[in-house]
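K.L.:
Residue numbers (the numbering used here), protein chains in the order written: chain A, 1 to 278; chain B, 1001 to 1198.
Don't take each hint at face value.
What the hints assert, rightly or not - A few chain A residues facing chain B, derived, Cβ under 7 Å: (1) Ala-106; (2) His-107; (3) Phe-110; (4) Thr-122; (5) Glu-123; (6) Val-124; (7) Asn-235; (8) Gln-236; (9) Ile-237; (10) Glu-248; (11) Thr-249; (12) Ala-253; (13) Val-276.
For the record, the hints were derived by calculation from the structure and aren't laboratory data.
Remember, it's a predicted structure, so these values are computed and weren't measured experimentally.
Think of the CB as a built atom: it goes at the ideal place given N, C-alpha and C, for glycine as much as any other residue.
So you can see what is in the structure, the chains are spelled out below.
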Amino acid sequence: MSDPSIDHWYPVGLLSDINAPRQTLLFGQEISLTKEDTGFSVKTSGGASLPTIKRFGHLWTSLGQPDHDLFAIPEADTPGRHLVDVGSVKVKCSPLRAVENFLDIAHFPFIHTDILGAEPHTEVDRYKVEIREEVNEVWATKVKFFQPQAAKSAEEGIITEYMYRVPAPTCAVLYKTCPPRPGEWDIITLFVQPLTEEWCEVWPWMALYDDESTMAEMVSFQQLIFMQDRSILENQIPLKLPLDPGMETPTQADMTSVAYRRWLKRIGYSYGAQMVAA
Amino acid sequence: MNWIAVGLTDDIPAGTVVPRRVDGLDLAIWRSELGRFHAWSDRCPHRGMRLSHGFVRGEMLACIYHGWQYSLDGSCGYIPAHPELTPPTTICANTYVCEVRNRALWVALGPVKDDIPDVGDRIPIRSFDILCAASEIAQHFAHPQESLLVLNGRYDLAIALQPSTSRSCFAHIFAGAGQDRKIVSRYVEKLRDEMEAL
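Produce the complete structure using the sequences and hints provided.
P.N.:
So this is what it looks like as structure tokens:
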């Protein structure tokens, strides 16, 4: 396989959950995960050992030869945060569609009604989007949106501010204002494991300041949000993400999506992408 | 191209939207609050979401994903993320010609030469899917036309076939007045089983 898409790190399991061997797929290839005395091991069906990284509660691996370390989220290391392993949800869509949906706020009033958004508060103000060349990441900042219940610990509607970061083609990090700690950001991530080009396993992970909710409540909140997203992701046509303009119609609210698609095209990332207008 | 029946009008109440497939093409069939029918590609031009998952608001169809609203002619009239914006006319759902005849909705995917097939004074009974190609069924009855089979056997029947995929179709059944609906319905179920066994 000469696709440069394989030369990245991908999440393949929760560190806390690989006590029994796990069989899964990466780029359509079967891989097996086991916990041994010496640490975690990931092997292809042919028995070849793959490199591993343990980070953000997950085990990461690669079928290719990454020339870079897995990205860092320094903010997640600050004390006082609850690190939440949400688990995974399998979705019949391109891994890239899953990431793009995570970067989108305009759907909140319609898909996460009365939780992350509510009519008539549907307007998306202009925000800032850039591709940060020095780190090769997509960033959206100064994103503001009305939320009736911004997090488990929020009780009434507020204007929430967000920053979105795409540090790897199938990973996104969301920083959002944190009601109990003004000035700090809660961190919610979406790590996506490409099972095939049209099937993915999504691993949300969170580093939150929330002293009121139980771990189970924080997990079920995030799972509810993602189940609502899944009803969309499995019904977009095509299931792959079109990278060429013309097939879909972005507006100003979609600037993050536009930058993400442009960046994928620039770095030559084609797995799960549709390159030719159908 | 032929006119294809995609549903019986009684099965699509005003204010609803349903998915239909014709020759592998996904359609969103919707009926406005005032009762007007529309046949569109089942795909929002914004992000490709199926419009059949959306909702009818008065005389507009709204996509469920971002609430974009489309007018009767398919043009986008409202984008909730930009309430002040008049959407450019280039944002438009892909629309097809459709017409109501004999209490069924007929769709043309391209230019048509022929009239809508005549069901006569038969009345609509029901619709169901058959795991068999429409062409095979027409062939089985040695019928020249796939889109409407008129059978004069034990019962006076007209069956409008909607080819959904290359291996399945939807059958919309009409029967001559005066025949018992239940008996006719059971008879066509038997016909379906025969067709699926072909």
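K.L.:
Hint by hint, note whether the structure agrees.
P.N.:
Hint by hint, here is what the structure shows:
| no. | hint | verdict |
| --- | --- | --- |
| 1 | Ala-106 | 4 Å, holds |
| 2 | His-107 | 5 Å, holds |
| 3 | Phe-110 | 5 Å, holds |
| 4 | Thr-122 | 4 Å, holds |
| 5 | Glu-123 | 6 Å, holds |
| 6 | Val-124 | 4 Å, holds |
| 7 | Asn-235 | 4 Å, holds |
| 8 | Gln-236 | 4 Å, holds |
| 9 | Ile-237 | 5 Å, holds |
| 10 | Glu-248 | 6 Å, holds |
| 11 | Thr-249 | 5 Å, holds |
| 12 | Ala-253 | 4 Å, holds |
| 13 | Val-276 | 15 Å, violated |
In terms of the numbered hints stated before, the structure departs from hint 13 and from no other.
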